[in-house]
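With chain D's structure known, arrange chain R on it following the hints.
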Amino acid sequence: MQKHKKNINLLLGSGILLIFVGVLIVSFFYTPYDVNSMDIPNKLKEPSATHIFGTDEFGRDIFSRILKGSQTAFLVGILTIAIGGFFGVLIGGIAGYVGGWLDEVFMRFMDALMAFPGIILALMLVAVFGPGIINTSIALGIIAIPSIARVTRSGFVQQKEAEYVTAAKLIGVKNYKIMFKHILPNVSSQIIVALSIAFAIAMLAEAALSYLGLGVQPPDPSWGRMLKDAQSYLINSPWYTYAPGGAITLLVLGLYLLSNALRDLMDPRSK
Amino acid sequence: MFYIIRRIILLFITVALVSVITFAVFQVLPGDPIRTMLGTEADETQIENMRSELGLDRPLYEQYFTWIKGLFTGDLGNSIRFSMPVSTLLMERLPVTLSVASIALVIVLLVALPLGIFAARRKNKASDVVLSSVTQLGMAIPSFWLGMIFILYIGMNVDFFRINGYVPWTESIQGALSTLLLPALTIAIPQIAVKFRYVRTSILEQVQLDYVRTIRSKGLPEKIVVYKHILKNAMIPILTIFGLITAEIVAGTIIVEQVFALPGIGQLLITSISNRDFPLVQGIVMYITVAVVFINFVVDILYSVVDPRIRLR
Numbered sequence: 001m002q003k004h005k006k007n008i009n010l011l012l013g014s015g016i017l018l019i020f021v022g023v024l025i026v027s028f029f030y031t032p033y034d035v036n037s038m039d040i041p042n043k044l045k046e047p048s049a050t051h052i053f054g055t056d057e058f059g060r061d062i063f064s065r066i067l068k069g070s071q072t073a074f075l076v077g078i079l080t081i082a083i084g085g086f087f088g089v090l091i092g093g094i095a096g097y098v099g100g101w102l103d104e105v106f107m108r109f110m111d112a113l114m115a116f117p118g119i120i121l122a123l124m125l126v127a128v129f130g131p132g133i134i135n136t137s138i139a140l141g142i143i144a145i146p147s148i149a150r151v152t153r154s155g156f157v158q159q160k161e162a163e164y165v166t167a168a169k170l171i172g173v174k175n176y177k178i179m180f181k182h183i184l185p186n187v188s189s190q191i192i193v194a195l196s197i198a199f200a201i202a203m204l205a206e207a208a209l210s211y212l213g214l215g216v217q218p219p220d221p222s223w224g225r226m227l228k229d230a231q232s233y234l235i236n237s238p239w240y241t242y243a244p245g246g247a248i249t250l251l252v253l254g255l256y257l258l259s260n261a262l263r264d265l266m267d268p269r270s271k
Numbered sequence: 001m002f003y004i005i006r007r008i009i010l011l012f013i014t015v016a017l018v019s020v021i022t023f024a025v026f027q028v029l030p031g032d033p034i035r036t037m038l039g040t041e042a043d044e045t046q047i048e049n050m051r052s053e054l055g056l057d058r059p060l061y062e063q064y065f066t067w068i069k070g071l072f073t074g075d076l077g078n079s080i081r082f083s084m085p086v087s088t089l090l091m092e093r094l095p096v097t098l099s100v101a102s103i104a105l106v107i108v109l110l111v112a113l114p115l116g117i118f119a120a121r122r123k124n125k126a127s128d129v130v131l132s133s134v135t136q137l138g139m140a141i142p143s144f145w146l147g148m149i150f151i152l153y154i155g156m157n158v159d160f161f162r163i164n165g166y167v168p169w170t171e172s173i174q175g176a177l178s179t180l181l182l183p184a185l186t187i188a189i190p191q192i193a194v195k196f197r198y199v200r201t202s203i204l205e206q207v208q209l210d211y212v213r214t215i216r217s218k219g220l221p222e223k224i225v226v227y228k229h230i231l232k233n234a235m236i237p238i239l240t241i242f243g244l245i246t247a248e249i250v251a252g253t254i255i256v257e258q259v260f261a262l263p264g265i266g267q268l269l270i271t272s273i274s275n276r277d278f279p280l281v282q283g284i285v286m287y288i289t290v291a292v293v294f295i296n297f298v299v300d301i302l303y304s305v306v307d308p309r310i311r312l313r
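Chains D and R, in that order, are what the protein sequence lines are.
Positions 1 to 271 (full-length UniProt numbering) are the ones given, in order, by the first sequence.
Positions 1 to 313 (full-length UniProt numbering) are the ones given, in order, by the second sequence.
Worth flagging that the hints you see were computed from the coordinates, not collected in a lab.
No experiment lies behind these values; they were computed from the predicted model shown.
The C-beta atom is built at its ideal place from N, Cα and C for all residues, glycine as well.
Distance ranges between label pairs, derived from CB positions:
1) D:T31 - R:Y61: 48 to 56 Å
2) R:V207 - D:S14: 25 to 33 Å
3) R:I154 - D:S48: 23 to 31 Å
4) R:Y61 - D:S154: 29 to 37 Å
5) D:S188 - R:I9: 33 to 41 Å
Bound conformation, chain R alone:
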């Protein structure tokens, strides 16, 4: 219980600091945002009206608390460029990003886990060494280039895939998959490379422990040793990769959406930066980061349930 309370306090501190950073960064902007928005022809009264309308004439701390209140109530003000509430814009784009990210997560787990077990069982044999080198390469390759290569060699040659735009799930499930699978695979590959190593190390650490020697010496078949005993214990540290993975996959999605022209939150973020639409940038950054922080928090709590030893540290 003490661990959970401490973890909740930490969660609040982190979210509070993240919000202060996100808010403060935009205060150091050079120039007057109002003048930038209205252009050079605006007269002084127009500028003053706009300023009080957006609340920019009030003291900083008041602006900050209004913004925080907006975060909780979903009212982040209007996007300068789209003249729409930031939250509406986000909700429109969320399904695309969420779909790509979830498919990527599933691919990572489906591939990294068996691959890690396979490599651990063949430690230092040829297949293990080859896998280790290939995954090094997977970590180094930039995802956006990988996406282009997939478009060229898979997207162009396999009829199933559509390499541009997005078909909503509600319209056609096959259509959605045909637009989402390749981007998800692109995001997944560098993650598979990292997590495969994690699984492999985590299993190899278990193999050295006494209990493994005991069950081996009492003559249990190797399959049962690996899948029933080692894997169960190795899964505990592997659980934490769920938390680490989300941040990486979200970051990957932001970039890869651009390669496949997917209308997700990443694309919205990039356009809003190019348009200098700062309320929108601020809102997107804040929501994405809080989501990632929260997922990490949940994983930590689950981890402490599965492995109670962690609470004593």
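Bound-form chain D, shown alone:
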């Protein structure tokens, strides 16, 4: 039963993610309509055979904008985990490997970053950096650092007492080589799980920031931004919210399922 359930999570999660990766690839080569071409006479048309998700307040095809929006979602997600992953692994690795007061200073600083409710820190950083895809990604990347640093640190603390590390030290391997060539691969599975969760959180946070008007800015299509625009027409054109809301939910759901499955696969205790 347990094993069966894990497989369902893995299957569903990677299936959903694959569909979105497919959507992403297709969006680079083909969208049914031009994403920014306006057609005012046909604005706010209900879903039909010609526009399967309907049209927005400028008569733009919502389906095409959903396809294009996947580029923004993935770009922000990937940039976020690249920034969060790089600094998180670096900080957590050094803190765990070196230990002592450096560990204490680094980790107290991470605790302080974690003490901010995520979206509040994001809003403050975006207030300073300004909106846009890159700035949003930097803000979300900074927020992802502490959780990845914690996971990395605890992995390094466990591994640094291992015999292979002592052996490497004895034959005079340099510390940075031990850290990143020998220890890091042994901690990578925990880091991958943390990154996959950070990816899902980044997608939700990007949507939230863009919904608040402080994240991705037009003309870049963003699912969160589409929901902000759709809210003005909520009563008369409720279907306008379905496609962007559904896209965010489905992608985040897929990522959560996948990260659950990965955690179960890689955590020896759950077997």
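Coordinates of chain R only, in the frame set by chain D:
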């Protein structure tokens, strides 16, 4: 005692670091805030006057300590946009945010706890599996979209609810509830999803322990086993979710206020960011974060009272 002292020191370090971060972030702002405030027509003397009035000509560490002093005395300076003290603006908005957040908290506890117990007792049966999948969905759905769906399908169809604006408690209790219940429910749903899982796991962990086998083998009815023995022990880890929940609910409130046009602190924060009203942004961020840190601290202390084992770790 040693645990409590250590925890208090940690509290101070965290708050100090949070304040340094909040202060420092605004120092990397590109451009001169004074010029931004006064516009391009201002002459040099005007700019210098304003600078010394706001204390921006003094060294950074002095500015920082003035700001910290202001945090404690409630004097955070004036909002650039509203020309009002930051603290007055905050106090005006606080009741709305506090009300939504408290109602959301109550909903989470009222639903997540029984649901978690229910699922744990039916482990791996159909109802448990269905609940687990539905809660996955609850975690993935963005709260602002959920809010719109509630407006469409509940707010528009049930006369009781008002979907726009806010009625103060002092005016009408029913009116306040009619504006606050749906936003609170919107904030609560993703939290119920997370906490339900927490309760379920926490109970299932207890079930495996020896004492449960002992009381079962001496023939106690299942109801007493669950509610009197397991639940009591499972409640200890569940207590910690109070702390975790506050940060999430506060964050949720900030966003959901926007969906329901509630004039709370979240709305104030968003407007102040759009207006580039940085003293206000700084003040809001600092107060919210300190409140969350403090609640977590209290929960930790309570936790160590309920479960003394934690102090030895």
